[in-house]
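Given these sequences and hints, build the entire structure.
Residue numbers (UniProt numbering), protein chains in the order written: chain A, 1 to 293; chain B, 1 to 424; chain C, 1 to 327.
It cannot be assumed that every hint is accurate.
[What the hints assert, rightly or not] The list that follows gives simulated cross-link-like pairs (lysine to aspartate or glutamate, DMTMM-like), each with its CA atoms no further than 25 Å apart:
id: 1; chain 1: C; residue 1: K124; chain 2: A; residue 2: D142
id: 2; chain 1: B; residue 1: K159; chain 2: B; residue 2: D234
id: 3; chain 1: B; residue 1: K164; chain 2: B; residue 2: D211
id: 4; chain 1: C; residue 1: K92; chain 2: B; residue 2: E195
id: 5; chain 1: B; residue 1: K411; chain 2: B; residue 2: E394
id: 6; chain 1: B; residue 1: K411; chain 2: B; residue 2: E303
id: 7; chain 1: C; residue 1: K124; chain 2: C; residue 2: D205
id: 8; chain 1: B; residue 1: K341; chain 2: B; residue 2: D146
id: 9; chain 1: C; residue 1: K124; chain 2: A; residue 2: D180
id: 10; chain 1: B; residue 1: K341; chain 2: B; residue 2: E79
id: 11; chain 1: B; residue 1: K341; chain 2: B; residue 2: D370
id: 12; chain 1: C; residue 1: K92; chain 2: B; residue 2: E142
id: 13; chain 1: B; residue 1: K341; chain 2: B; residue 2: E160
id: 14; chain 1: C; residue 1: K124; chain 2: A; residue 2: E182
id: 15; chain 1: B; residue 1: K104; chain 2: C; residue 2: D41
id: 16; chain 1: B; residue 1: K104; chain 2: B; residue 2: D354
id: 17; chain 1: C; residue 1: K124; chain 2: A; residue 2: D37
id: 18; chain 1: B; residue 1: K411; chain 2: B; residue 2: D234
id: 19; chain 1: B; residue 1: K411; chain 2: B; residue 2: E160
id: 20; chain 1: B; residue 1: K164; chain 2: B; residue 2: E195
[Said to hold, decoys possible] These stretches of chain C come out as covered by chain B in the derived footprint (C-beta under 8 Å, 3 or more residues):
id: 21; segment: 154-163
id: 22; segment: 166-174
In case anyone wonders, no lab produced these hints; they're calculated from the structure.
These figures come from a predicted structure and were not determined experimentally.
Just so it is clear, CB atoms sit at the ideal spot from N, CA and C, and this is done for glycine as well.
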Amino acid sequence: MDPELALLVNAIISGLLLGSLYAAAAAGLAISFGMLDIVNIAHPALVVLGAFAVVVVSGGLGLDPLLSAVLLAPGFWLLGAGIYTAYHHFFERRGDQALHGLAFFFGVMFIIEVGLVMVFGADQRYVDPSYASITYYFGDIDLPLRMLVPGASALATIGALALYLRTTFTGRAIAAVAQDPEALRLLAIDPVRIKRFAFGISVALAGLAGGALVVVQPIDPWSGHVFIGRVFAIVIMGGMASLSGCVLAALAFGVAENVTAAFYGPSWSPAVAFGALLLVLAFRPQGLFGRAA
Amino acid sequence: MTKITRRSLGQLTAATGLAAASGIRPAAAQAPSGPPLRIGYSMSLSGGLAGNGRPALATHRIWADDVNARGGLLGRPVELVHYDDQSNGAQVPGIYTKLIDVDKVDLVVSGYATAIIAPAMPIVMQRGMTIVTLLGTGVNHEFRYDRHFNICPVGSQVKETFAKGFFDIAMAMDPKPRTIAIAALDSDFPQRTAESARFLARQHGLRVVYDRSYPPGTVDFSPIMRSIQAARPDLVYIGSYPPDSVGLLRSASELRMSARMFGGAMIGPQISALKAQLGPILNNLVTWDVYAPEPTMQFPGVESLLRRYREVAAREQTDALGLYVPPLAYSQMQVLEQAVKRVGRIDQAALAADMHANAFDTVIGPLTFDALGEWTEERNLYVQYQGVTDGNLERFARPGTQVILYPPRYKSGELRGPYGASAT
Amino acid sequence: MTVKTEAALRPRPALPAGHIAFWGGAALLCLALVAGFRVLDNEYAWFAGYFILQYVLLATAWNILGGYAGYVNFGAAGFLAVGAYTTVALRKAFGLDLLPCIAAAACIGGLLGLGTGWLALRLKGVYFAIATLSLAVLLHTIVVNWSFVGGSRGAYVLRPASIPPFVSYGEYLFVVMLVLAVIGVGIARGIEGSRLGMGLAALRDDERAAEAAGVPTLRLKLVATTLSGALMAVAGAPLSHYTGYLNPEAAFGLAFSVNAIAMPLIGGAGTWFGPVIGAVLLASLQQAATVTISSAANLMIVGVVLVIFAAAAPRGIVGLIRGGRHR
Numbered sequence: 001m002d003p004e005l006a007l008l009v010n011a012i013i014s015g016l017l018l019g020s021l022y023a024a025a026a027a028g029l030a031i032s033f034g035m036l037d038i039v040n041i042a043h044p045a046l047v048v049l050g051a052f053a054v055v056v057v058s059g060g061l062g063l064d065p066l067l068s069a070v071l072l073a074p075g076f077w078l079l080g081a082g083i084y085t086a087y088h089h090f091f092e093r094r095g096d097q098a099l100h101g102l103a104f105f106f107g108v109m110f111i112i113e114v115g116l117v118m119v120f121g122a123d124q125r126y127v128d129p130s131y132a133s134i135t136y137y138f139g140d141i142d143l144p145l146r147m148l149v150p151g152a153s154a155l156a157t158i159g160a161l162a163l164y165l166r167t168t169f170t171g172r173a174i175a176a177v178a179q180d181p182e183a184l185r186l187l188a189i190d191p192v193r194i195k196r197f198a199f200g201i202s203v204a205l206a207g208l209a210g211g212a213l214v215v216v217q218p219i220d221p222w223s224g225h226v227f228i229g230r231v232f233a234i235v236i237m238g239g240m241a242s243l244s245g246c247v248l249a250a251l252a253f254g255v256a257e258n259v260t261a262a263f264y265g266p267s268w269s270p271a272v273a274f275g276a277l278l279l280v281l282a283f284r285p286q287g288l289f290g291r292a293a
Numbered sequence: 001m002t003k004i005t006r007r008s009l010g011q012l013t014a015a016t017g018l019a020a021a022s023g024i025r026p027a028a029a030q031a032p033s034g035p036p037l038r039i040g041y042s043m044s045l046s047g048g049l050a051g052n053g054r055p056a057l058a059t060h061r062i063w064a065d066d067v068n069a070r071g072g073l074l075g076r077p078v079e080l081v082h083y084d085d086q087s088n089g090a091q092v093p094g095i096y097t098k099l100i101d102v103d104k105v106d107l108v109v110s111g112y113a114t115a116i117i118a119p120a121m122p123i124v125m126q127r128g129m130t131i132v133t134l135l136g137t138g139v140n141h142e143f144r145y146d147r148h149f150n151i152c153p154v155g156s157q158v159k160e161t162f163a164k165g166f167f168d169i170a171m172a173m174d175p176k177p178r179t180i181a182i183a184a185l186d187s188d189f190p191q192r193t194a195e196s197a198r199f200l201a202r203q204h205g206l207r208v209v210y211d212r213s214y215p216p217g218t219v220d221f222s223p224i225m226r227s228i229q230a231a232r233p234d235l236v237y238i239g240s241y242p243p244d245s246v247g248l249l250r251s252a253s254e255l256r257m258s259a260r261m262f263g264g265a266m267i268g269p270q271i272s273a274l275k276a277q278l279g280p281i282l283n284n285l286v287t288w289d290v291y292a293p294e295p296t297m298q299f300p301g302v303e304s305l306l307r308r309y310r311e312v313a314a315r316e317q318t319d320a321l322g323l324y325v326p327p328l329a330y331s332q333m334q335v336l337e338q339a340v341k342r343v344g345r346i347d348q349a350a351l352a353a354d355m356h357a358n359a360f361d362t363v364i365g366p367l368t369f370d371a372l373g374e375w376t377e378e379r380n381l382y383v384q385y386q387g388v389t390d391g392n393l394e395r396f397a398r399p400g401t402q403v404i405l406y407p408p409r410y411k412s413g414e415l416r417g418p419y420g421a422s423a424t
Numbered sequence: 001m002t003v004k005t006e007a008a009l010r011p012r013p014a015l016p017a018g019h020i021a022f023w024g025g026a027a028l029l030c031l032a033l034v035a036g037f038r039v040l041d042n043e044y045a046w047f048a049g050y051f052i053l054q055y056v057l058l059a060t061a062w063n064i065l066g067g068y069a070g071y072v073n074f075g076a077a078g079f080l081a082v083g084a085y086t087t088v089a090l091r092k093a094f095g096l097d098l099l100p101c102i103a104a105a106a107c108i109g110g111l112l113g114l115g116t117g118w119l120a121l122r123l124k125g126v127y128f129a130i131a132t133l134s135l136a137v138l139l140h141t142i143v144v145n146w147s148f149v150g151g152s153r154g155a156y157v158l159r160p161a162s163i164p165p166f167v168s169y170g171e172y173l174f175v176v177m178l179v180l181a182v183i184g185v186g187i188a189r190g191i192e193g194s195r196l197g198m199g200l201a202a203l204r205d206d207e208r209a210a211e212a213a214g215v216p217t218l219r220l221k222l223v224a225t226t227l228s229g230a231l232m233a234v235a236g237a238p239l240s241h242y243t244g245y246l247n248p249e250a251a252f253g254l255a256f257s258v259n260a261i262a263m264p265l266i267g268g269a270g271t272w273f274g275p276v277i278g279a280v281l282l283a284s285l286q287q288a289a290t291v292t293i294s295s296a297a298n299l300m301i302v303g304v305v306l307v308i309f310a311a312a313a314p315r316g317i318v319g320l321i322r323g324g325r326h327r
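Right, here's the structure in full:
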């Protein structure tokens with residue numbers, strides 16, 4: 001293969017793998033922010049919390065980190081349901097969630113980060129599953145399992161979730177709740193219960209994403225900051241309430257970053273990605289993959 | 001307190017100081033008395049610099065215990081006054097004015113690294129205080145303050161000397177390397193190291209086939225590594241910080257990157273958590289360092305310091321081995337201690353004059369300072385990781401794992417090459 | 001016109017007598033502060049005071065857009081950094097002193113604000129917030145790659161030890177920031193009582209209705225974003241002189257963005273006094289925590305205070321006081 005072409009193909013493939021990680025981190029937000037209209041700025045911090053929990057569990061029990069993340073998911077679901085209950089009680093019910101809800105989640109983010117520093121110290125934590133040091137090679141193209149396994153698991157989880165949302169009654173209710181809570185009431189469904197359930201799922205997804213993240217890279221309590229801008233950008237570019245749009249946007253984001261890094265120097269990759277978001281916002285506010293309003 | 005007792009106390013502390021340096025605890029030192037001698041500084045205990053700030057603080061505490069066990073400084077008990085700057089330079093001016101004006105500290109030192117040292121300098125200069133800083137780079141090139149002393153092996157000729165060790169080792173290889181790739185994080189220190197590498201590459205007539213910076217917060221390093229690989233350099237020189245060092249080295253291993261020499265100024269492998277995590281990936285990496293537990297660097301007191309530090313570290317969850325910041329942080333306080341003892345009183349001008357004029361014996365060896373307060377003799381170590389089979393930290397605490405290749409004075413082994421796929 | 005009368009119920013129109021009382025009171029307060037600090041004769045007072053005042057200005061500036069018009073700016077740090085780097089650039093290029101740099105920072109920040117205003121024409125709510133966040137990331141990347149102002153290495157600003165007639169440079173910085181903060185608060189107060197403020201309040205409550213009622217929402221939004229941007233940049237303009245060294249991480253620090261939102265909320269968003277009281281309280285608390293508790297726990301305080309206030313006192317301290325009076 002021509003070296004330039006090989007570089008491009010590899011940049012695209014590694015971009016897709018990176019994008020899958022972004023998708024994992026953003027999928028939960030697509031539910032909370034996209035569907036439920038809850039601006040959970042603490043989502044990346046919850047991802048990092050998940051990563052720390054995975055480090056503890058997989059270190060303590062000697063389990064695979066992704067399996068640990070799955071085992072921890074119910075706990076994170078409960079956490080999410082708890083956060084939503086507080087959020088609903090204090091903000092949504094009063095109808096001033098826009099600004100104050102945001103401040104609330106900012107506070108939650110700080111509490112999580114500082115809590116992690118106080119418990120775990122400032123050092124990096126990591127897990128070392130056996131497959132993390134294996135790479136598959138196909139000619140000039142290489143696939144490190146460190147990226148592939150968490151990426152593929154993330155996409156599979158998101159796929160299963162999308163299927164669930166589309167086919168089950170509760171799933172459809174979740175999709176409906178943002179658009180028309182009154183209609184749900186007419187069907188004798190409590191929109192608050194549905195939203196609590198859905199927000200629980202979004203936080204459980206954050207926990208799972210933490211498992212994926214810690215396989216990819218070591219973490220410290222501030223690792224979430226890098227993702228704040230990216231995950232929101234992805235959810236918006238994906239057209240908000242759409243999991244498939246979110247995945248596509250995440251993949252596009254990853255590819256844009258890595259192709260820029262490979263050909264124009266990594267210095268400019270954040271500018272390209274966020275510049276793209278600004279353009280999308282300015283000219284196509286319904287998102288790249290959203291339906292025209 | 002009368003003159004006689006103070007003088008005899010000085011002799012006593014000098015004697016016990018010697019005893020402590022050789023690892024023997026004095027049976028009964030005279031208890032320090034009088035108002036405490038307060039040493040103030042800002043230290044990053046949270047935020048991005050905390051990973052090195054916390055070990056530095058733990059080390060300072062060990063030093064304070066040592067000094068007080070020996071009867072204090074000038075017969076007074078030493079007290080550390082420090083505030084957390086959250087790794088945020090904007091907090092630092094407030095902290096130092098508080099220390100100097102409200103807490104009335106007698107002496108100031110600095111927290112960890114340039115971003116924290118530089119904002120402290122205008123305040124310290126305004127008060128004419130003498131300051132001993134920890135791992136700054138080029139701070140005093142801007143301020144030109146004659147009471148600034150920096151504990152950092154880099155010296156004052158960063159561009160000319162920082163990467164010299166790497167290039168000296170590389171150019172001694174047969175056949176001589178002809179090409180080099182340079183990659184560095186967009187941040188102060190890594191950029192300075194890259195500048196030095198660029199300068200020396202030109203001096204040695206090496207062709208630079210890749211030269212890029214990458215931003216903080218980069219998640220995936222494979223595009224960088226792949227572009228370097230595509231350029232097929234003989235040498236790879238990287239300037240990086242801990243989060244990216246891991247990503248770069250893992251990508252290098254995944255892409256079966258190979259080069260005759262690979263490394264540079266990678267901050268990361270010095271830290272225990274990263275040693276454990278990277279394990280065999282470190283083999284044959286040639287990287288900058290400040291200290292290595294090799295027989296050539298067994299200065300008096302360093303072993304005892306590391307032993308005590310490791311007990312504290314296990315309790316406080318700071319860097320487990322303490323091979324990076326702790327020896328330097330301890331020396332920082334030793335320089336202050338020895339100058340105060342020689343001067344015999346708290347006199348900022350006299351302290352600075354003493355530090356310029358005299359040599360210091362520290363746990364990282366003898367030190368002297370030049371006009372800018374940098375080390376007269378730069379001591380950039382280049383070490384190579386050898387024979388690493390797993391992430392067991394005990395191996396890294398023993399000699400023979402981080403072999404010193406440069407400078408010749410401390411050399412403890414021979415270069416092994418190449419780095420990468422064919423090596424393991 | 002109904003919208004306008006409704007909106008007029010909330011902010012009391014400021015009478016000329018009120019104006020005189022405000023400016024007179026502010027001048028007296030300034031003099032008292034400077035005199036009091038001089039008596040204290042403590043450099044720390046100037047520095048801690050500056051730290052608090054920069055937040056007063058930043059929170060007030062944020063409030064003009066966020067509190068009055070309801071447009072949440074997530075990228076306050078970006079605007080502040082633009083101001084800080086304007087100073088660094090002009091000082092390096094032309095050797096300008098601090099004061100002309102502040103004026104220039106106001107212009108550049110205002111222009112940037114105008115640009116954001118263009119975004120605000122197209123985006124609402126959370127979209128606008130995310131757009132400002134991206135703008136901050138974009139600016140950060142540009143500064144990191146701009147070697148003239150030091151790039152990622154940071155820039156050193158060597159300031160003089162003192163500027164007569166001030167006793168020290170710390171006092172000079174404090175006085176400059178004090179005057180700027182008073183001007184900022186005065187502008188905010190002026191807006192609140194004016195047609196502009198009522199228009200903004202109308203568009204915050206219901207943008208469509210306001211538009212239908214003939215409120216020139218387009219122009220109002222542009223004015224608000226421009227003013228807000230200019231004042232935020234002004235708040236950052238002296239930063240490099242305060243620290244003596246400025247690097248992108250410090251200038252674009254998350255703490256600025258968070259505090260810019262948290263302070264008006266805690267004090268009471270949408271009133272001119274709210275951000276002032278919120279900034280004074282929260283910044284003093286942070287400064288005090290830094291030098292007392294001094295561990296990771298002091299950031300915890302910000303988080304906990306923010307959560308408690310957002311949950312229990314959504315109208316902030318000003319709301320608590322007014323609510324208490326009504327009861």
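### Query
What are the numbers of the hints that this structure violates, sorted from low to high?
Numbers 1, 13 - these are the hints that the structure violates, sorted from lowest upward.
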